[in-house]
Amino acid sequence: MKKVIAREKLPELWKSLAAKGPLFLPIQEGPVVLFQPWQEGAEINLDAVNTAVSPKDVFLPREETYMQYRCSGKQLELIPAENIEPVTAFGVHPCDLKAVEMLDKVYIDQDPPDALYKKRRENTTVVGLSCSEPDPFCFCNEFGVDPADAPGADVMAHLKNGSVLLEARTDKGKALLEQAGDLLQDGSKETAEVKDVKTADFGLNLEGLPENLKERFEDPVWDELYKSCLGCGVCTYVCPTCYCFDVEDFGHEGEGQRFRCWDSCMYGHFTAMAGGHNPRAGRKERVRQRFMHKLQYYPEIFNEIACVGCGRCLRSCPVNLDIVQAIKALGGETVEQR
Amino acid sequence: MAERNIESVNKVREAVSQDLLGGRIDLLLGWEKGHYWWQSRPLFARSEEDLEKLAWDSFCAVNLSRYLLEELKDHDKIGVLVKGCDARAFNRLLQDNMVKRDQVILYGLPCPGMLDYNRLIEKAGGALLGITEENGRVILNIESGEQEAQRDDLLLDKCKDCRYPDPAVYDQLLFSPQGEKEGPERFKTVEELEEMSAEERFGYWEKELSRCLRCYACRQACPFCSCRECFVEQENPRWQGRAYQPSENFMFHLVRAYHGTGRCIDCGECERSCPVDIPLQELNRKLIKDINELYGDYEAGLDAEQEPPLLTYRPDDPAAFSEK
Amino acid sequence: MSSANVLMPQQATILDITEETPDIKTLRVVGKEGMPFDFMPGQCAMLSLPPVGEAIFSITSSPTCRECLEFSIKDVGNVSGALHGLVPGQQIGIRGPYGNGFPVEKMKGKDLLFIGGGIGLAPLRSLIGYCFAHREDYGQIDIVYGARSPADLIRKSEVKESWAEEPDTNVHLTVDAEFPDWDGNVGFVPTYVSELGFSPENKIAVTCGPPIMIKFVLQALDKLKFSPEQVITTLEMRMKCGVGKCGRCNLGPVYVCKDGPVFSLDQLNALPAEY
Amino acid sequence: MSAALNETAAGWEPLIVSFCCNWCSYAGGDLAGTSRMSYPANVKVIRVPCSGRMNPLFVLRAFQRGADGVLVAGCHPGDCHYTSGNYQSRRRLSAFKRLVEFAGFEPERFEVRWISSSEGDKFAEEMTSMTEKIKALGPNRKMRDARWQSVTSKV
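Residue numbers (this note's numbering), protein chains in the order written: chain A, 5 to 342; chain B, 30 to 353; chain C, -8 to 266; chain D, 27 to 181.
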């Protein structure tokens, strides 16, 4: 099913979608664009190549309460408190959707499935958005992502001159377009003006990299690579394929809640044990963990590198210690390049 | 390419290579180019080969002094390239007894201010191939030709109102000083915020802080945040919860800023490091402004001998509350 | 596939609490309707006590005990400390079981050597109890158990009396230094293992204890010509989920919470030594 | 602190948390009590060894958990039991007061006063006046943790 909507009609479409349930989309928040819930007056920015933080928030919220407790005397009552409603994610770029599919493997495919994530994923209708202009940090081509198409989207949106072409790919997608009713016009004869989007060529050669890294846990390259790392968590929080979380209680002896929230393997306390021992005590161990997870551990389990080339770590790392630098340092560079 | 500085980077290299190769220092902290001409990242140089990568151009924003905290564990004597802010950061660490003066050789780089790639792009209005610089002007090489702009209009926010571009402490000054600057708009945003009503101000901060990811880049990049254990990680009592609640956002950012009272060197690395562009520097500058007003002018990091204002007092100090 | 939230604990009640040593207590826990879940020796469970939080502990009772779960817990942190402060009848949260457990099938027909130190006896005790309950499946059983002092040995009467009386079973106790009321062996566990000079023939050694003890026990077993496949140990890591998702407890691509915590030495040797 | 900060069910009464120096202000409070001077029950006193012990975390945590106003009371400058504790806190708390105002708190929400052990009357006056000011201002919602509220309102 293909439909078309004039760009100036989009706010109406968003309003009608938001009336039915939370609608997440790229919103200009001061100087940055973030994937956030629509509200009246929000400044939607579909032209932004990438949101500062990935849309993984929609599926794996940065904070999610799933239990309440009540305590009195010796009694303890544990009450499930998850709150998952149908949502629409509008304007997810192909790289970010590919990343969500990587999270699916961990959270849905790998037993036992994570019920919270799974439910959110099933309850979300994804409107993918093709990219027309990459920015200098985009390098999704390296990972076989087609910037013009997000295969896993329920609806694929293409920005055209003055209009947007919406193509439903799944039943959920069709339902979404049907709901929109008169706002949309028939687009069966329209075609997406697909550009051949070339993203940055950093000269990477990923062939066999995960396999090669298997023996390189103790490689001296780690002694150098980590040095500039400040030990903040920027890379992990902006990254669409990072999925670590923490579980914490909030409340007092009488009543409160338990939630999970994003956590980062770059933090020292991430692996610190109660007795004081910490298996990843230094920045070197933590930097190695992060890059090895992307480039070796995840691929070992799921047969693909856990990076989609969205470029967020290149854009946001305060000291430019990003995955491209890591791949190059680890020998994943085309030989002719240097 | 950013070809401002072929000569100057050679001069820097010359100065440091004698010391590094002659064994006077074991390590040089400098910068090297990143993936693009408008990126520079820290360089940890130990050999002549490493030094070939050395960069000194308009994109060397990263404050290097902070790396001393880690590197001094493995090295006896370290050379550091210091801009004005890096040198103040060094003094800050010195005052906190985190480093010793004789462990470090400082190569002073009077700094013209670092350029902001986003501003360059905006100015170029399209693909930007590179820049050249001369006499306070920047020539942007764009597809359709060249475009000229004032350098001062293209600076990083953190450099815009820098008052002390020259290193306050160094062993060797590699270029001629820039001289002290006015920084006329340093407190402009603070003053604008002060003009607002309490409600408006709270709304402003609530909105700005709502973007906080709790990635702690601001803390990790900061030369005054050198505590072995930050209150954020403290248990029993647990001060900082991990939830993304407005209350927790304020807790972190107010305390982070407050811990910099009289210690913040105004380098702006916190704000530059923030992936969601929270105007953190305004919190720091508010404290700088108030301390100056209440207890006399003080610029953290300018003089390591001068007592930081919160470590001293005078019996006749004024107070920001009624003392009757 | 279940659609229940695996992070959601069920309600459980503390039956009683025994003080084992000055810093170790054993909690006996039941679910709402008897056993909260079935498990195998070596598996773990998350105990929670809001608002303090959740932490993972190995189950120390044998699966053949159908009355309750037992946890021997050392007071080292927030949750363990709070659990120590509880009284019988207090309700807590529990979820599990997590992890692979000991390879009880693979161990069938073998002589068994258990080597424990301090609180490290906790997971071994579950396995030892299981083996006694299936006594005919296993050969000669040797148990070497040590602690810093006699007061730091847990389950003392059970170890000394019940276990020693099982058929074809020898219990070897040791403490680190001389103590007035101690007439057993004095010396570190690894040294005692060497002195006892066990033969590796048809034997499987299972060891658990503080990291430094394990390190030297492994060396001792190597000297006694145990091959890495014959040596089994169990690891401890910080965990939040227990199901391989939260990202903390991995050794390379292997997650201690679901692929471990029990590993044979040859498995461990093939993994990054990040524990 | 959790119990102390509950809002009463019937109508709003402000909650003032007062951190009092052990040597002067806390004793001043004692004197107010023994002299049968009354001050509002809205004030919950937390004793600290010295106003110099004040950590801004204490103040912010009080606001998070339901305080409508926070008052730090210490010895008069020059009278510190530890010689200079209150001189130090005068500087620190001045900077901190301006910071919390900059964050959007009304100036009345956070105050510092010097009250000696002989000033029972001043203790009662300051506590009363702080309570009156906060009453006039209304409840504080800034930095209050909404989750804590939902927890306590049901208790």
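Any given hint might turn out to be false.
Claimed, not checked - In silico DMTMM-like cross-links for lysine to aspartate or glutamate, where the CA-CA straight-line distance does not exceed 20 Å:
id, chain 1, residue 1, chain 2, residue 2
1, A, Lys218, C, Glu265
2, B, Lys62, A, Glu81
3, A, Lys288, B, Glu100
4, D, Lys168, B, Glu100
5, A, Lys332, B, Glu81
6, A, Lys78, C, Asp7
7, A, Lys123, A, Glu137
8, C, Lys23, A, Glu81
9, B, Lys236, A, Glu81
10, A, Lys332, B, Glu235
11, D, Lys148, B, Glu61
As the list claims (entries may be wrong) - Label-pair distances were calculated between CB atoms; the ranges are:
id, chain 1, residue 1, chain 2, residue 2, range
12, B, Asn126, A, Asp115, 47 to 55 Å
13, A, Asn209, C, Lys97, 41 to 49 Å
14, A, Asn209, B, Asn126, 46 to 54 Å
What the hints assert, rightly or not - Anything over 10 Å on all C-beta distances counts as not near chain B; from chain D, calculated:
id, residue
15, Leu57
16, Thr60
17, Arg62
18, Gln90
19, Pro103
20, Tyr113
21, Gln114
22, Ser120
23, Lys123
24, Gly130
25, Glu137
26, Val138
27, Ser142
28, Asp171
Derived from the structure by calculation, the hints contain no laboratory data.
Every value quoted in this text rests on a predicted model; they were computed, and no experiment measured them.
A virtual CB, placed ideally from N, CA and C, is assigned to each residue, including glycine.
Notebook entry, point to check: What hint numbers does the structure not satisfy?
Noted result: 2, 4, 7, 9, 10, 11, 18, 19, 20, 21, 22, 23, 24, 25, 26, 28
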